[in-house]
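Novice: Following the hints, position chain B against chain A.
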Amino acid sequence: MTSYTLTINGAEESVDVDENTPLLWVLRNTLGLTGTKFGCGLSQCGACTVHLDGVAMRSCVTPVSQVGDQKVTTIEGLGTEDDPHPLQAAWIETQAPQCGYCQSGQIMSAAALLESNPDPSDQDINEAMQGNLCRCGTYNRIRQAIKLAAGTQG
Amino acid sequence: MVTERTTPSISRRRLVQSAGAAAGLTIFWSNGTGAQEATPTGNATPVSLPSAGATPMATPEPQMTSLQPPTSADAYIRVNEDGTVTLLTGKVEFGQGIRTGFAQLVAEELSVPFDSVEVIMGQTNEAPFDIGTFGSLSTRLTGPRIRQAGAAMRQWLLELGAEELGVDVESVALEDGAVIVSGDASQTVELAVLAGGKQATRELDPDLPLKDPSEFTVIGQSIPRPDVSDKVNGAAKYGIDAVADDMVWGKIVRSPAFGATLSDVDFSEAESMPGVIGTFRDGNFAGLAAETLQQAEAAIAAVNATWEPSPSTTTSATIFDVLLDTARDGQKLGDDTSPAASDDLTSQILEPLNVTFRAPYVNHAPIEPRSALVSVTDERVDVWSSTQDPFGVRGAIAELLGRDVESVVVSPQYAGGAFGSKIVAMAESEAARLSQEFGRPVKIVWTRDEEFSNGQYRPAMLINIVTGLDGDGNVSAWQYDLYSAAYFPEGGETANGAAADWSADVLEIYSMTARTIWYQADSPLPPYFWRVNGGTNNTWAREVTMDMLAEQAGLDPVTFRKNHMGDNGRMAAVLDAAVELAGWTPGVGQTGQGIGVALGFDANTYVAEVARVELDETTGEVLVRQFYAAVDCGLLVNPEAATHQIEGSIVLGTSSTLRETIQFENGEVTNPTFAEYAPITMREAPPVEVVFVEDKSNPMGGIGEPAVAPTTGAIANALYDLAGVRLFDQPFTADRVLAALKEQ
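Chain order of the listed sequences is A and B. Position 69 of the first sequence, counted from 1, bears residue number 69 in my numbering, the numbering being contiguous throughout. Position 283 of the second sequence, counted from 1, bears residue number 283 in my numbering, the numbering being contiguous throughout.
Since the hints were made in silico from the structure, they are not lab data. Watch out, some of these pointers could steer you wrong.
What the hints assert, rightly or not - To be clear about the criterion: a stretch of chain B counts as covered by chain A if any three or more of its residues have a C-beta under 8 Å from a C-beta of chain A, and this derived list gives those stretches:
(1) 226-233
(2) 237-247
(3) 414-425
(4) 438-452
No residue lacks a Cβ here, since even glycine has one placed at the ideal position from N, Cα and C.
Isolated chain A (complex conformation) (with noise of 0.2 Å):
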């Protein structure tokens, strides 16, 4: 056991776990964070994702040992019901998500493009969120949502 103090959210926590542990379940279990899902613990299908100093990583197969100092921005992070990140609230306008478990993956993927990239085109978007899987098959509102945001949906 080690302690690590993060960086989550803005807010610092103190954490005594395994330095493999990995932030995901940091998050989860240590925290109480369970906005950030488990979906196969080896960077398949993006459930788990987070930022670390805003850049999409996936949580399941990053070590505690190696977040250090990096800001760490999970869903809960993101924004609020009252205070919605634009994707948030573009995610609701186009009624994106069906049973919801792949959403919070899907927003930090898409919170990391339109950071770096204001104005995807369908192929940035393509490959940005390549590695978010979603077996209810929302892809094309996830699409719509991200280009409202962006402010480019015609």
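Specialist: Just chain B now, with coordinates in the frame of chain A:
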């Protein structure tokens, strides 16, 4: 849908006097499948769709003394003292939109604002018994009863209101949460006032008029789904998110293959590892638990288990031979007017078309794996899981542990994808056994490997069709033989095709001389329901064969189908609507795309789909560029929610058609990762346009599954239009398409 659930055979359709002091009026009704008398739990704390924080889950206090699970009721309505309305139903919401649709039905019949209707779903000590949320049954079968209950409640409220206002019941109406004198809204009494402190029962009257569609203000509106908000900010709670004080993490010693048996388990290293609180074995079931997930993972990796290998020698390559070799118990589908099973229709055909279609096992692969949190104490058992079937889980756990059903409480959480995989109590049973053994709440979360390797599968199917044309270019005879494992129940001497045979009978859509036989065959992997079950493969086989016959007849595929519509006017209408929406442009031409059509009928819903495809000729990848769907699901409750179900269905069908196959040998799945199984991503998902063909006087049809079925056929027919290539083995992977192109 056939179920083997043992329910009492009494069928009740009357209301039952509340035993407790129900704070509001309460209505019950029967679901027609037979059930016990209903007793309301008016005092139980309502538990709405869980959205609590990651703190120990609160369990509503069970009404154990007077509660007899109302297995005759599919839902009941309560008008609360504050004027809000509560609908209780044993169905659960997992993205298909029924929480919203059901509330719309109630709001409509009671003339209350949609926002004032709360829906409590699946909480087994609160909601009435339900057979489970699957089979596109919610809107189709439960929906009408919700409307009838609403009508009964309306009548009761009108009578109460009339009495309160001192007028005849014919003089009053319900408007905006109040009873008013028609034409004089100043004479009014609010439902909150009427409902306060009263208990009442009302016999459900099926002849009581429902609100006429011409008066609808809620039904038919695309009301935004209230559950969406929690699903974009991390607040929504799924089965995997459930936590409890004092819980431990369980891990199961997993079989390496279906059919393997556990001969020896050595826990000696694992049991002394940090955090491990216990190990357990009973026959083939063995597991352990530890304080943290990481400790449990480390400990299970240190278990030495010896398994006797599976006796199965079948592989994903040999399964189709196995289906044919083990075929038995041929059962003719359809009614007695179709030819007998022994009739050979093919001898009449001059140029018979003999085609065989093969479809492999596929996995549900929901993004949320199976999980359960179970707390077993002497007095009660609590289960939290993302189940499609809370009452089924309740019964299974009660039986497993030898408890009274009333002492087991299932609090269903949102499911992160299900598609049939979250019906049978699997993680729930495992966690229950360990909790009983270790005396602490046990949390089990399946790994992705376990989901692919130890779960359930849509079984492989082989379909042979022999058919041909008469002198007029119409189908002269159609002989359809389906080989598949029985979905449910598995095996058994009296198994029927229930589910494998969905859409196998061509006569559900077309008029012709036909006979359909389902042959039960062996399955090395456990078969189970998978969104629309055999419907997709049967629809594929039928719709491709129709295209082949059309070509033989020298007719356009749309024209050929219409020539065989008989009096199936609703199907003809969706076919027309789909081709109009798509713009029917066969022969590639200027579009550079192939176009294909496929029809489907399921859950009393008519579907016509058109696909436009392109091809990467270097890699063989089929690029599904656009899908169009025309859908007649009868009276439409929420067009947006229904549209979304259709979109999602088509994306799932596209994925299984192009990519999905479970590779296995000797009972062991050999591609148990997302990377290998490769469901489609955003890049491959086709945009979908939907048009509804609606006659509001038609009954509400199901919408969760029907649009999955025609996807494979539409893609197959489009690929042929584009490239002159037909694949008779799914999935249509790039390799296979490339090989087929080279063979041309």
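Novice: Can you name, in rising order, the numbers of the hints this structure does not satisfy?
Specialist: Nothing - there is no hint that the structure violates, so all of them hold.
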